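Novice: Chain A is fixed; fit chain B onto it per the hints.
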Amino acid sequence: MRLLLVDAFGAVPVSRARARELRLTIQRSLTDGENVVVDLEGISTLSPSFVDELFAKTAVAPSQAGKLTFENVPPSIEPLIRFLRSGRPKQTLAA
Amino acid sequence: MPESERLPAVLTGSYPLDRLENLIEDLQPILGMNQPAVLDVDLRALEFVGPTCLALLIAALRRVRDEGLNAQGSRIRPPASSDVHRYLERMDFMKLVTSQPPEEDFERKPPVGFRPCQHFRSEEEQWATSRTLVEALAERCDCDEQARGALSICLDEVCENVLHHAYTSLGGFAAAQGWPARGDFEIGIVDLGVGIRSSLSRNAKYANVSDDATAIQTALVPRVTSTPERNAGIGLAVTRLLLAANGGSFTVRSGFGAVRDVAGETSVEAMSAELPGTVISLRASSERSLDIGAVYAKLESIEAA
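Quick note, the sequences are listed as chains A and B, same order.
One point on numbering: in the numbering used here, the residue at position 88 of the first sequence is 88, and numbering is uninterrupted.
One point on numbering: in the numbering used here, the residue at position 117 of the second sequence is 117, and numbering is uninterrupted.
In isolation and in its complexed conformation, chain B is listed as follows:
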């Protein structure tokens, strides 16, 4: 039997949302795996990983596990920092990415203000994911009832997109984190499915979209969907409008494309590294309102314009 290829992947330093692109580049050996290899994931120098990047890291490693690509001898070297190591354990990192997670060396308390990374593959799990993460953010950031309702709706819509449009048995991954001192929070939803461009192309109207960035822009227009008989095509548009009104940021990364709304500015970019699937990141101020009713009130005038 031929010896399996050895595949090192090293993550160093911090991976907040604005280093998502660095993470995608660092994960290329893993994201591109299509035959078994001895995977050597080195997290010893990892210092921080935000929720969007964490969901992507978990998705990438879980795909390798589920597709049986981990050859004998594969390993994950845990972070040297005990704080980072503990954080990953509390987020269920090892439970989600390995079939035999090591025994934890600490006692878990009921989580308040955070929940482990969520893995969803069914409609019931999708519903539970949005409910669970909104609960955590409400505890952590003291969100009011209006904000909780709006977040619950947006999370449900974005997670539903994974089940309806990603075409992957791996499902989706979602993680959230709030920073009360900073007054904001971030939610990341990740799948490693077919990506937005391929999904949209199932609708003949969008079969000829030329590139991934254009496909993302197209998918953000209200009523655009690959499955109009089933879906309405406004979940992403509503989420984007909600975050814009809050002054938050909204990122969609798929294939070689990225669309980002940050501080009222939109950037549309062609990226050098391929991301199979889609990453959606929502970042919002917990001190400003999140009013979904105001978004609904704008829909007709936006379409008319």
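If we strip away everything but chain A, and leave its shape as in the complex, we get:
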């Protein structure tokens, strides 16, 4: 499954509720054994809540390692991703 974020959420995704739905969709696909690519092409920036749900809370089981990848992540949100991931319990993280 390939998800082009800008198509569903526009150039500045906000809303924890919407991100939570996306996270659950991703996790269902991973559970079904699918590879998931989240493409951030066209995204200017994201809200902390959206990043928290998508990058920090998405749990990837050891057996699913490598099956979830993020592409075209804007460099400006990388510090936010690191910051939020460091505040969540250790888990296998997506690439």
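Everything labelled a hint here was simulated from the structure, so no lab data went into it.
As the structure is a prediction and not an experimental result, all values here were calculated from the model.
Accuracy of the hints is not assured; some may be wrong.
Facing chain B, a subset of chain A residues (Cβ under 7 angstroms, in silico) [what the hints assert, rightly or not]:
(1) 15
(2) 44
(3) 47
(4) 52
(5) 83
No residue lacks a Cβ here, since even glycine has one placed at the ideal position from N, Cα and C.
Specialist: For chain B alone, kept in the frame of chain A given last:
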């Protein structure tokens, strides 16, 4: 049946952001209502009300309506100034605070550069609120794409706090206004929920915060939240940093406490009047940048310091 108490509330003059405290004092009879009374709200001498104060006024009157505290005979006397009266109507004041608003005596045009006060009680309404108000400010103040993105994020985060932490079925109220000639704008977000101190106390780590002003200061620290399993606790901190970098101002008022950042100075105060719930006000220059990426870049170093 005993006659209901008569409760007058008179608003006189102007209520810009720097008179928020006066408004809270003037609204004490309404904010403190817990049994039906004949409410007599006199707005005849009202000359101006800014967006933060307007959102608070609407929230206070809407609570009375939703909780059925308006006894028969209650009334709102509209402003004598037709400009102020018209402004309130365009901001949906009467539609939001009365169940039977009077018929408007003017034709509404599609709003450009402003939107009515927003009332949100669900995640969908919260999302729509931030989108709607940012659209209005972009039209009015010619904000660039970077500023629109940053505002959209901060509004969404602050409004989300209402739904996650205020614990009130009344929801939140938000209003915005831009002043292109002055080159700035103001956004106010208000709830009449449990307030920051009570909300934070649901997390055992913050159960013993001694007063409201300290609770506000604590809530502004990154990663502080009453619900760490759900929230990250950085929405307010990011909003504050964004406004500081812009040279704007940031106000949080809750309970008996207030924290204000104005012109690079922070004041932390214990107030004499109680505000049930929380008021957040953002004021920024539309002529200086609002760069959320620069704020994200600072988070790790701020925490390390």
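Novice: Take the shortest C-beta to C-beta distance between residue 44 of chain A and chain B; is it under 7 angstroms?
Specialist: At about 5 angstroms, which falls below the 7 angstroms cut-off, the nearest Cβ of chain B leaves the hint on residue 44 of chain A intact, so it holds.
Novice: Mind checking the CB of residue 52 of chain A against every CB in chain B and telling me if the closest is under 7 angstroms?
Specialist: Holds, about 4 angstroms.
Novice: Do the numbers back the hint for residue 83 of chain A, that is, is its least Cβ distance to chain B under 7 angstroms?
Specialist: Where the cut-off is 7 angstroms and the nearest Cβ of chain B is about 5 angstroms from residue 83 of chain A, the hint holds.
Novice: Holds or violated: is there a CB of chain B closer than 7 angstroms to the CB of residue 47 of chain A?
Specialist: 4 angstroms, holds
Novice: Would the stated hint for residue 15 of chain A survive a check requiring a Cβ distance to chain B of less than 7 angstroms?
Specialist: Check passed: Cβ of residue 15 of chain A comes within 5 angstroms of chain B, closer than 7 angstroms.
When held up to the earlier numbered hints, the structure conflicts with none and fits them all.
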